[in-house]
Amino acid sequence: MIQSLSSLRGWFSRRPVFGWSVLILFVALIPLFVGSYFRYVINLAIIFIIASYGMNILVGTNQVSIGNAAFFAIGAYASALLIQKLGFPFFGALLTAGGLAAVIGLMIGLPAIRLEDIYLGIATMGFVLICEQILISWSGLTNGANGLTVTKASLGGWALNTDLKFFYFLFPVAISCMVIGRNISKTKTGRAFAALRMSPIAAQAMGINVARYKAIAFVLSAFFTGLSGSLFAHYVGFIDPPTFSIFLSISFVSMVVIGGMGTIAGSILGALFVTILPEILVMLGAKEAQRVVYGISMILILRFLPQGIQGLFGRWSGK
Amino acid sequence: MIPQLIVSGMAVGILYGLVALGVVLIFKSTNILNFAHGELAMVSTFFAYTLLTNLHLPYPLAVILTLVFAALIGYGIERFITRPFIGSAQMTVVIVTLGLFLSLGVVAMWIWGKDPLTFPSMIPDKPINIQGIVFSSLNLLILLISCLLMVLLYLFFRFSTMGIAMRAVADDMEGARLMGISIARIFSLSWILANMIGALSGILLAPIIYLDVNMMQVVILKAFVAAVLGGFTSMPGVIVGGILLGVMENFVGAYISSQFKNAFPFLIILFVLMIMPQGIFGQLRRKKV
Numbered sequence: 001m002i003q004s005l006s007s008l009r010g011w012f013s014r015r016p017v018f019g020w021s022v023l024i025l026f027v028a029l030i031p032l033f034v035g036s037y038f039r040y041v042i043n044l045a046i047i048f049i050i051a052s053y054g055m056n057i058l059v060g061t062n063q064v065s066i067g068n069a070a071f072f073a074i075g076a077y078a079s080a081l082l083i084q085k086l087g088f089p090f091f092g093a094l095l096t097a098g099g100l101a102a103v104i105g106l107m108i109g110l111p112a113i114r115l116e117d118i119y120l121g122i123a124t125m126g127f128v129l130i131c132e133q134i135l136i137s138w139s140g141l142t143n144g145a146n147g148l149t150v151t152k153a154s155l156g157g158w159a160l161n162t163d164l165k166f167f168y169f170l171f172p173v174a175i176s177c178m179v180i181g182r183n184i185s186k187t188k189t190g191r192a193f194a195a196l197r198m199s200p201i202a203a204q205a206m207g208i209n210v211a212r213y214k215a216i217a218f219v220l221s222a223f224f225t226g227l228s229g230s231l232f233a234h235y236v237g238f239i240d241p242p243t244f245s246i247f248l249s250i251s252f253v254s255m256v257v258i259g260g261m262g263t264i265a266g267s268i269l270g271a272l273f274v275t276i277l278p279e280i281l282v283m284l285g286a287k288e289a290q291r292v293v294y295g296i297s298m299i300l301i302l303r304f305l306p307q308g309i310q311g312l313f314g315r316w317s318g319k
Numbered sequence: 001m002i003p004q005l006i007v008s009g010m011a012v013g014i015l016y017g018l019v020a021l022g023v024v025l026i027f028k029s030t031n032i033l034n035f036a037h038g039e040l041a042m043v044s045t046f047f048a049y050t051l052l053t054n055l056h057l058p059y060p061l062a063v064i065l066t067l068v069f070a071a072l073i074g075y076g077i078e079r080f081i082t083r084p085f086i087g088s089a090q091m092t093v094v095i096v097t098l099g100l101f102l103s104l105g106v107v108a109m110w111i112w113g114k115d116p117l118t119f120p121s122m123i124p125d126k127p128i129n130i131q132g133i134v135f136s137s138l139n140l141l142i143l144l145i146s147c148l149l150m151v152l153l154y155l156f157f158r159f160s161t162m163g164i165a166m167r168a169v170a171d172d173m174e175g176a177r178l179m180g181i182s183i184a185r186i187f188s189l190s191w192i193l194a195n196m197i198g199a200l201s202g203i204l205l206a207p208i209i210y211l212d213v214n215m216m217q218v219v220i221l222k223a224f225v226a227a228v229l230g231g232f233t234s235m236p237g238v239i240v241g242g243i244l245l246g247v248m249e250n251f252v253g254a255y256i257s258s259q260f261k262n263a264f265p266f267l268i269i270l271f272v273l274m275i276m277p278q279g280i281f282g283q284l285r286r287k288k289v
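Heads up: the sequence lines are chains A and B, in that order. Sequential numbering from 1 applies to the first sequence in our numbering. Sequential numbering from 1 applies to the second sequence in our numbering.
It is worth saying that the hints were derived from the structure and are not from the lab. Even glycine gets a Cβ: it sits at the ideal position worked out from N, Cα and C. It is possible that some hints are incorrect.
Stretch-level coverage of chain A by chain B, calculated; a stretch enters the list once three of its residues show a Cβ under 8 Å from a Cβ in chain B [to be verified]: (1) 63-76; (2) 103-113; (3) 122-132; (4) 283-294.
With the hints as constraints, model all of the structure from the sequences given.
This is the structure we're talking about:
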């Protein structure tokens, strides 16, 4: 049994596209067979997979941001307001929101990235704390602490108003993000990221412009996080400033650490863990425990399982 | 009005500086940026609160016991949580301190609850009139204690063997090791000292800003600003950075707008990183590539 399983694994690992296609098809069918609560959790998990993937790109270049909740917020508020005030179509607002997050990311990141790595952490921490303040103070635009009701997503007159419809829009979007990310990793830029992850010194010696590629990684990360924030706003239908606190930022970091740094599978596993765990804790009546669980899991995983949960699977299959 | 703004700005600013001093102390000797420093100080402050209001201990005794508590916590964290990561990437250890940051707030909330508490102050806050200008006695006390602490720290780093060893490790870890200095002991000592300074700054801050589990979130950011202004390397620079920030913030709040006051520290970070990354006093620490 185990032998045949492992030979099956071997067959799949030689044909990754086939393996992924089967997996994608399988996941695409799941929502048809589960109740609306599970559909909700699945959709939320997929939204967070995109944000987690954004953080993973950054961590993959040996940097960390504590401000990605701010990009998430920019994505959410920008696309909500673009549709509400300027009458943008949903898909246009989605991409514009991601783009806006990327541009702001560049402005925040550039001064910090030239310097030591810690400065990006400090600048982004400042950014997320200030962003929450601005969302509250600028109430003419954001409706302040009362929060903003967001129109549900729709595509060319086709309203994505049920969990199931939204899933069949969201799922291809998430897959496109992963495919784009995977293709980037095969380009010059992707190889530069990998070099930065392994050794910034060696990368510099090979003629890679370290600051430039770190900035590119940060901007890409902001873009994906902004995109994810926009999807979140139009799915959940209501956003308010406390949602986008520094704790959300750190949960993005914990998704990547818990799932596994530097891989797409790690982003997926981490986002699933961080989305599903609170739901279980709510059922157990210990909602507040989630931050402690994230915090402690992050430390333990870095200590004993640096590859994250994803590394556990690798170990079992004897890689 | 202006002298009051300056004095109250200095009093708060010097506390930002003290919090920052803990961050820089750990950063200089261990190269770890401790995002949990504020949360650790918050936990110690709550501990002091329990001693003062539940056990009704006299103020000096409560402060001394809190410092012992902070020292033990600092040692425990260094010994059991961060020491195994010596030699890992800087980012890894930063994430470990983020894990602490995430956990400590909730643990404190479980023990002490969510509601803001009024922290008893050392002396009653009475206005003191000096040559027609009215100062708050609490602010003057903060300035006095902070100056005393800095003199003590200066003597420690200048004359004691341990202090000199710590400076040696901060300057050149390999060289210090070759001279027979135990790096592990210096790391522990840095965490202990930093956490004690953190506890003291928490005790001094709490009567001004209320005691609650989120009290340090904004303060730690301002401490980072102070550290950035001080260039992350110079200890007097960090204190001066804190004072500058406290005073500037007060003026912005009084003459421009109180909402802008909140965004102000972040703008300073961006400005300093763009124009003078070495801060006011520090040497330039570019990426070591």
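Results of checking the hints against the structure:
1. Counting residues of the segment 63-76 of chain A whose CB lies closer than 8 Å to any CB of chain B gives 3, so the stated coverage by that chain holds, three being the minimum.
2. By the rule of at least three residues with a Cβ nearer than 8 Å to a Cβ of chain B, the coverage given for the segment 103-113 of chain A holds, with 3 such residues.
3. Under the rule that three or more residues need a Cβ within less than 8 Å of chain B, the assignment of the segment 122-132 of chain A holds, with 7 such residues.
4. Beta-carbon proximity to chain B at under 8 Å applies to 5 residues in the segment 283-294 of chain A; the threshold of 3 is reached and the given coverage holds.
Every hint from the earlier list agrees with this structure, and none is contradicted.
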